[in-house]
Amino acid sequence: MAECLLCHRSMSHQLTLTQLLLPVPIEKRCCCERCWQQFEAIHSDKACSVCGRQLTTRTICQDCQKWQKQATMEFKNRACFVYNEAMQAFMQQYKFAGDYRLAAVFEPFFRQQVNRQKADIVVPIPVSEETMQTRGFNQVMGLLPNVVYQSPLAIKSNWHKVRQSSKNRHDRLQSPQPFIISRPELIAGKSVLIVDDVYTTGRTIRHAAKLIQDAGARQVNGLTLAR
Amino acid sequence: MDVSEFFGRQLLSSELPVGWKERVSKLQVQPGIEVMATTVRCNRCGVTTTKQRCTLPNNQFYCPSCIQLGRVSTLNSLVSLPEPNRFERINQKDVLTWKGTLSKTQDKCATDILTVFQERRQHLLWAVTGAGKTEMLFRGIAWALSQGLRVGLASPRIDVCNELFPRLVQAFKRTDIQLLHGRSDIPYRYCQFTICTTHQLLRFKVAFDVLIIDEVDAFPFAQDDGLWFAAQQAKKADGALLFLTATPGKKLFQMIQRKELSISYLPLRYHGHLLPTITCRLASKWQLKLEKGRLPRSLIVQMQQRLKHNIRFLLFVPHVAQLPAVQTSLQHTFPNEQIVTVHAGDPDRLEKVQLMRSEEINFLVTTTILERGVTFPGIDVFVLGADDAVFSSAALVQIAGRAGRNVARPTGDVIFWCQSFAPNVLEAIKQIKYVNRKGRVLQQVRAEDNG
Ligand SMILES: [Zn+2]
Ligand SMILES: [Zn+2]
Ligand SMILES: [Zn+2]
Chain A
8 MAECLLCHRS MSHQLTLTQL LLPVPIEKRC CCERCWQQFE AIHSDKACSV
58 CGRQLTTRTI CQDCQKWQKQ ATMEFKNRAC FVYNEAMQAF MQQYKFAGDY
108 RLAAVFEPFF RQQVNRQKAD IVVPIPVSEE TMQTRGFNQV MGLLPNVVYQ
158 SPLAIKSNWH KVRQSSKNRH DRLQSPQPFI ISRPELIAGK SVLIVDDVYT
208 TGRTIRHAAK LIQDAGARQV NGLTLAR
Chain V
2 MDVSEFFGRQ LLSSELPVGW KERVSKLQVQ PGIEVMATTV RCNRCGVTTT
52 KQRCTLPNNQ FYCPSCIQLG RVSTLNSLVS LPEPNRFERI NQKDVLTWKG
102 TLSKTQDKCA TDILTVFQER RQHLLWAVTG AGKTEMLFRG IAWALSQGLR
152 VGLASPRIDV CNELFPRLVQ AFKRTDIQLL HGRSDIPYRY CQFTICTTHQ
202 LLRFKVAFDV LIIDEVDAFP FAQDDGLWFA AQQAKKADGA LLFLTATPGK
252 KLFQMIQRKE LSISYLPLRY HGHLLPTITC RLASKWQLKL EKGRLPRSLI
302 VQMQQRLKHN IRFLLFVPHV AQLPAVQTSL QHTFPNEQIV TVHAGDPDRL
352 EKVQLMRSEE INFLVTTTIL ERGVTFPGID VFVLGADDAV FSSAALVQIA
402 GRAGRNVARP TGDVIFWCQS FAPNVLEAIK QIKYVNRKGR VLQQVRAEDN
452 G
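Protein chains in written order, with the working numbering: chain A, 8 to 234; chain V, 2 to 452.
Treat the hints with care, since some could be wrong.
Across the chosen pairs, the derived CB separations fall in these ranges [what the hints assert, rightly or not]:
#, chain 1, residue 1, chain 2, residue 2, range
1, V, R358, A, L62, 20 to 28 Å
2, V, P325, A, S198, 47 to 55 Å
3, V, Y189, A, K83, 58 to 66 Å
4, A, C14, V, D160, 46 to 54 Å
5, A, G223, V, Q53, 35 to 43 Å
6, V, V321, A, A48, 20 to 28 Å
7, A, Q95, V, D349, 22 to 30 Å
8, A, L62, V, S359, 31 to 39 Å
9, V, D349, A, N91, 21 to 29 Å
10, V, E360, A, W43, 38 to 46 Å
Hints are computed from structural coordinates only; laboratory data are not their basis. These numbers were taken from a predicted model, which means no experiment stands behind them. Think of the CB as a built atom: it goes at the ideal place given N, C-alpha and C, for glycine as much as any other residue.
Using the sequences and the hints given, assemble the complete structure.
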């Protein structure tokens with residue numbers, strides 16, 4: 008009997024009638040319908056056209072208007088889900104508690120979204136050596152087990168990263184470039200999709216985008232699981 | 002962080018402050034995960050997991066089973082320090098500050114428990130709901146504390162821990178007592194007496210000279226071998242282990258049969274009465290009929306009788322999804338009654354329970370045993386669909402135990418409506434009969450004593 012990865016209830020009798028009647032196979036989902044409903048998908052016609060945040064119409068949100076004043080870079084992000092309570096709880100469990108198998112909850116959906124972007128190369132945001140030692144995995148790569156991705160970025164070796172979650176918004180917007188390009192040859196002339204788990208202030212993914220663009224990418228876009 | 006926080010504890014190396022691993026002498030370090038061919042085994046919770054479910058990149062593994070307590074993995078290890086029993090000695094006669102008295106039966110049980118602790122045995126006390134278990138522990142605990150022993154009291158349920166804590170603080174005012182569970186913000190301290198959830202036991206190692214586990218069969222550890230594992234590693238190898246339960250499960254019976262556990266009974270409730278016996282009625286296809294808006298005729302008749310004689314009752318149904326249909330049907334049959342339904346996740350649960358408690362309503366339709374300590378004196382109990390798998394035999398005994406509980410109406414009626422005599426129903430009936438048989442003998446002895 009399959010058990011929901013998130014609430015641990017048995018999923019055997021939770022199929023809806025329509026699911027049973029449909030002639031197509033049900034996509035193997037690792038969490039129950041009830042838990043899945045807690046996540047709020049963002050539709051691009053009701054989202055910020057720059058960062059992907061959920062809005063009532065397709066416009067540019069205030070944060071992004073500020074970004075556009077100071078940056079010259081052309082960068083658009085798409086976010087799949089609202090960073091609501093359920094998503095925060097998921098991230099807490101997956102990323103901070105380190106329950107790696109939970110990646111399976113979003114894997115099929117996220118893979119579809121990545122493929123839909125039709126980029127030449129997919130670049131997950133890297134994590135530090137220290138994080139690999141303690142967490143044991145890169146939470147973005149964990150979501151992409153069936154996607155071909157490249158790693159042209161690395162974290163600066165002297166980068167002693169203060170935990171993002173312990174900083175306030177202002178500190179994060181000020182934080183300096185954490186990345187370097189370790190393999191520029193992967194990027195030149197390509198359309199690049201940078202993938203991250205959560206878009207919070209946009210600082211991290213924009214640092215990455217800037218480097219990639221400067222290294223000669225033809226186009227740089229972002230995709231995050233949540234915003 | 003103080004070194005004493007490691008005494009008898011089993012923590013993750015990643016929780017150690019920098020440099021401690023080298024600095025603290027006698028620190029015992031053990032791998033957290035044993036890697037086998039296709040599975041891994043966690044040294045903290047004892048659970049074996051197939052590699053497929055718990056592999057990290059770079060051929061590393063973790064334990065998903067006890068991850069709530071901080072992740073055990075091949076990237077960290079388990080550390081602990083031996084328990085030195087470094088406690089302030091209190092004079093034996095000053096330890097217990099409780100001044101109540103025990104009934105004759107309770108008194109005998111209290112002495113039995115003291116002996117279990119003194120002889121460092123593993124024992125099960127089977128006491129019916131409402132027997133006054135906690136007070137019977139005091140004598141044994143007082144002895145252990147006066148001997149400088151480390152004592153733990155664990156329950157699978159947080160609400161039980163929360164309820165016990167203030168009572169024990171009152172009873173042992175001079176002792177340092179800590180309450181420990183996942184939803185408490187109070188940081189861990191080295192204490193002689195710890196009250197915690199059974200889950201928290203996994204963060205102890207060879208710590209307790211005396212370990213008591215209350216409500217062994219309560220959700221969610223009911224069929225869990227993990228509880229046994231946790232208890233065995235949290236107590237000292239020669240430590241005493243006492244299980245308390247109103248509804249022992251299969252595992253405990255097996256252990257009694259294998260003589261790993263001795264057993265004693267307290268088959269009477271505090272007012273000296275037996276548990277109510279269960280009456281079963283067949284109700285075939287009641288779910289289908291309910292969909293058409295009908296409830297079993299015999300149930301309606303029983304309800305009518307209770308309402309006529311002003312006897313209040315609880316009606317249990319198996320599933321939350323059935324509540325609206327039951328409500329509609331009852332409203333139709335009893336247009337003058339206020340029909341209130343409640344379930345565990347109901348946001349208005351407390352208000353609804355209050356309606357029943359303050360006797361503003363005559364009955365409550367529910368899917369759950371409500372909170373511990375929520376008792377309605379003198380009620381009857383009906384269970385529609387008692388054979389449904391959601392009701393374990395333990396739950397059914399607990400449900401039956403809600404009836405009566407009042408000196409004026411000590412037993413109360415308990416009626417189950419079932420489609421078949423399912424094993425859970427039969428087991429519940431058997432357990433109650435068994436306890437009552439013992440109870441009758443005891444009543445007899447008492448009557449002779451008094452006569
Ligand atoms: Zn679920
Ligand atoms: Zn925006
Ligand atoms: Zn474990």
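Status of each hint after checking the structure:
1. R358(V) - L62(A): 20 to 28 Å: 48 Å, violated
2. P325(V) - S198(A): 47 to 55 Å: 54 Å, holds
3. Y189(V) - K83(A): 58 to 66 Å: 48 Å, violated
4. C14(A) - D160(V): 46 to 54 Å: Check failed, 20 Å falls outside 46 to 54 Å.
5. G223(A) - Q53(V): 35 to 43 Å: 41 Å, holds
6. V321(V) - A48(A): 20 to 28 Å: 27 Å, holds
7. Q95(A) - D349(V): 22 to 30 Å: 27 Å, holds
8. L62(A) - S359(V): 31 to 39 Å: 49 Å, violated
9. D349(V) - N91(A): 21 to 29 Å: 24 Å, holds
10. E360(V) - W43(A): 38 to 46 Å: 43 Å, holds
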